[in-house]
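Visitor: Take 1 as the starting number for the sequence shown in my numbering and just add one per residue.
Hints were generated in silico from the structure; no laboratory data involved.
Predicted, not measured: the structure shown is a model, and the values here were computed from it.
Since no wrong hints were added, every one of them can be taken at face value.
Cut-off 20 Å, straight-line C-alpha distance, at most; resulting in silico cross-link-like pairs (DMTMM-like, lysine to aspartate or glutamate): (1) 354 to 241; (2) 502 to 445; (3) 355 to 313.
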Amino acid sequence: MTEISRVALFGKLNKLGYQAVESATVFCKMRGNPYVELVHWMHQLLAQQDSDMHRIIQHYDLDTGKIASELTRALDMLPRGASTISDLSDHLMDAMERGWVWGSLLYSAGQVRSGHLLLGMLKTPALRNILSNMSPELAKIGADDLADNFHEATDGSPEERMGAQDGSNVTGGGAEPGEASGSMAPGAMGKGEALEQFCTDLTEQARNGEIDPIVGRDEEIRQIVDILMRRRQNNPILTGEAGVGKTAVVEGFALRIARGDVPPALKDVRLLVLDVGLLQAGASMKGEFENRLRQVIDEVQASPTPIVMFVDETHTLVGAGGAAGTGDAAILLKPALARGTLRTIGATTWAEYKKYIEKDPALTRRFQVVKVEEPGIPKAILMMRGIASMLENHHRVQVLDEGIEAAVSLSARYIPARQLPDKSVSLLDTACARVAVSQHAVPAEVDDSQRRIEALTTELEIIGRDETAGYEVADRREAVEAAKAAEEERLAGLTERWDKEKAVVEGILELRAKLREGAAPVDAPADAGEDGAEGAADSPLSDEERAKLMQELK
1 MTEISRVALF GKLNKLGYQA VESATVFCKM RGNPYVELVH WMHQLLAQQD SDMHRIIQHY
61 DLDTGKIASE LTRALDMLPR GASTISDLSD HLMDAMERGW VWGSLLYSAG QVRSGHLLLG
121 MLKTPALRNI LSNMSPELAK IGADDLADNF HEATDGSPEE RMGAQDGSNV TGGGAEPGEA
181 SGSMAPGAMG KGEALEQFCT DLTEQARNGE IDPIVGRDEE IRQIVDILMR RRQNNPILTG
241 EAGVGKTAVV EGFALRIARG DVPPALKDVR LLVLDVGLLQ AGASMKGEFE NRLRQVIDEV
301 QASPTPIVMF VDETHTLVGA GGAAGTGDAA ILLKPALARG TLRTIGATTW AEYKKYIEKD
361 PALTRRFQVV KVEEPGIPKA ILMMRGIASM LENHHRVQVL DEGIEAAVSL SARYIPARQL
421 PDKSVSLLDT ACARVAVSQH AVPAEVDDSQ RRIEALTTEL EIIGRDETAG YEVADRREAV
481 EAAKAAEEER LAGLTERWDK EKAVVEGILE LRAKLREGAA PVDAPADAGE DGAEGAADSP
541 LSDEERAKLM QELK
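With the hints as constraints, model all of the structure from the sequences given.
Guide: Below is the structure:
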C-alpha cells in the first residue's frame, strides 16, 4: 500500500472522529495496551452521544448493548501491561484510509465521517474480518445496502454539518457555499464553533443580571476604555496582587457595556472570556492546541460583531508552566495583537508579568499595563457596600453598615497575607453564612451537650456489659451516672434559654416587618415581598403606631 501522510489523513477527519482518536489514545494508555487498535476507536465512537454510527445502528435495528459488550470483550483480549503507547495500529490507519476513499469517491465528501469508516471496513474483506471478530452484531450490516442507503441511514446526524479538521473540503456532498470549494476555512465563515466551545460571553451575563455590581474601580475601567479605543497596541493587561479585584474590573467593564455607558465604538462589543484550561484540555496530539487557538483567533477576526477577548491568568497562554505548545501560542498571538485585529484584555499578577511577559519585548510592546492597586480601607468599605445587598439576598440575612466596616478594618488588621477587598468579602460572606445557619440549626452548645449525653449513655451500656461479665464497675457506674445527670440538667437549661431567645428573635422579626410597612421579615421568602408591600400600602402605620413599635423593639 502506498504510504500516505498521517498528518494529511488525520486532517480529513471531522471534529467528532478526531476527538474519538484522541480519546482512544488516552483510553489505550489507561488500559495499558501497547498499540491504539481499531477497537479502541470504535469503542470511543460508540461512547459519543450521537454520530453516523448511532444512526446506522438504529436504521438497521441492531442491539446497541450487545455491540458495546462485544467491543468490551474484544478490548479485554488485547495484551496489557505496557507503560507507553508504541504507535497507532496498521488496521486503524487502513480503516481511516478506506473510509476516506469510499466517502470521497461515492459521496464527494470532504471529510471522513464515522459512517464512512464503517462503510470502508465493510467493503474491505480484511477489515470486515476484523470487524466480525470485534462485533459480530455490527458485521451483520450489508456493505452494498449501506452504500446505497447511506444518506437515509445517517439522516439527521450531527456529522452532516461538520467539516474536515484541516479546513479543506471537496465540491459536493451538501457542503455549504464557500466551504465546498475550499476558498474559505470553516473558522472564517462565522460559525462560531470555537468561540462557543472555549469562551463565555461576559456581556450576556451582565445583561442577564448574573454579575455582582462593581463599585470603586471607575478609574481602572476608564483606562481600559481608553486603551481599547486605540487603533494599535489596544490591549490592556491588568496587573496586581491576587485578590485585589482584577477580574472584577473586567466585570465592571462588561456591566458598562450592558448599560451602554461606553463610547459608540464599544457599544456593540461582545466581551468574551477565553478559558485557557479548556483550550489546552485534551490537546494531546501535536499541533492540536495551536489549531484550536488559531481557530479562535480566526473566528474573532471574522466575526461581524466586534469582539474583545479577556484572558485571565494571561501568563498561562504565553509561556507559563512549560506546557507544550505555549511558545507557539505566543507566536500566533503576536501578529494579531500588533495589527490591532485581536483586542485582548489580559490579567496576571506582578510576579508572573515580570517572569513571563516582561522578558519578551515583543509582548511587552503589545500590552499596555493597567495597575490595579489594593484599595485603602475607605474605598474597600465603598466596594463592600456595593455587594452587601447580594450577600443579603443569598443568605437571607440583614447586613448592617457597622458589620461592613468591621469586616474591612478587622481583615486589614489581622489578615496581612491577603489583599483587600478579597479578604473582607470572604470574612463577611463567612459571617453571613454562620448567621444564616444559626437561624435554623441547633446551637453549638446544645448540640455538644446532646453528643456528650449520647457518649455517656454508650459508656453506661459498656459498663453494664462488663458488669454482666463479673467485673467490679460500681464506682465507674456511679461516676458516669452523676456526669450524665449533670449534663442532662445543663442541657435542659440550655434548651430553655434557646427557646426564650427564639421567641425574642421571632418577636423582633415581626416588629421589624411591621416597621417596614408590610415588608417581609428578613427570613421570609423573597416572593412574599410584593404581597406584603401591597398590604402595607393599603394600611400604612401612623406616627403613634410607629413610635409604639419602636419602643417595643428597644
